[in-house]
Amino acid sequence: MGPSAVVLIYNYTKLATQKIDCRPKLRLRGHTNEGYALSWNPNINRHILSASDDQTIYFAWHLFHKTLFGSIGDDRKLTIWDARSSHYTKSSHVADAHSAEVDCLSFNSFSEYIRATGLADKTVALWDLRNLMLKLHIFESHKNEIFQVQSSPHNETIASSSTGRRLRVWNLSKIGEEQTNDNAEDGPSELLFIHDWQRGKISDFSRNPTEPWITSSVPEHTIVQDGGTEFLISKIYPQIDFFSVNLNSLQ
7 MGPSAVVLIY NYTKLATQKI DCRPKLRLRG HTNEGYALSW NPNINRHILS
57 ASDDQTIYFA WHLFHKTLFG SIGDDRKLTI WDARSSHYTK SSHVADAHSA
107 EVDCLSFNSF SEYIRATGLA DKTVALWDLR NLMLKLHIFE SHKNEIFQVQ
157 SSPHNETIAS SSTGRRLRVW NLSKIGEEQT NDNAEDGPSE LLFIHDWQRG
207 KISDFSRNPT EPWITSSVPE HTIVQDGGTE FLISKIYPQI DFFSVNLNSL
257 Q
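If you read the sequence shown in our numbering, its first letter stands for residue 7, the second for the next number, and so on.
Calculated directly from the structure, the hints in this document are not laboratory data. Each hint can be trusted.
Label pairs and their in silico Cβ distance ranges:
#, residue 1, residue 2, range
1, P215, H71, 12 to 22 Å
2, N49, N187, 39 to 49 Å
3, I50, N187, 48 to 58 Å
By construction, the Cβ of each residue, glycine as well, lies at the ideal position given by its N, Cα and C atoms.
Construct the complete structure from the given sequences, taking the supplied hints into account.
This is the structure we're talking about:
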């Protein structure tokens, strides 16, 4: 999605042989304004969620329950929906416990109850779906509004990025661990790593589903040439390694 209200679906396996005419396989129509959010259902083939500026929301599929998904937005609410319901305007649960606008949402890969949200107040909040009115923990280190948060499919860590250029990785098993004064100066005990090699604001990032610690990120002011754009692929921990890739070189 983008400036158009149409969702475009491509078959990436054919893009390498269609360097000039890269036509989408499907065009999904239904929105009235431009869109910015998409989420494929990890449990049901060919099911996709999309959101646009006709209602400002962000969403994510639940990783354990194939028909559940959550949505958040500027109204500071977390809403849980069940795709099986015939009442499209009636949600399963609504929590109004955020202290600021909510920009992003991620369900945990190891617990069906845990999820994280990124807020405009520069914090990441950890929640238990069994008690949506009480935060389990607040992650504090970012200097700017949180734009993306994502749980790891390999371990109990979450990554978050803000309107700045730094990506932070948090270790949930370290929450509440005692620190020396010197260590506390570097951040809270659960702050595992700060990725600081992006040249501009991180517009989006994605953690590799098969390779632990591999993350790709896209800067806001990237140079686009011949239909390609540059993004960063990083091995963020424990060995720091990164390189830039131009999408044109992959065709």
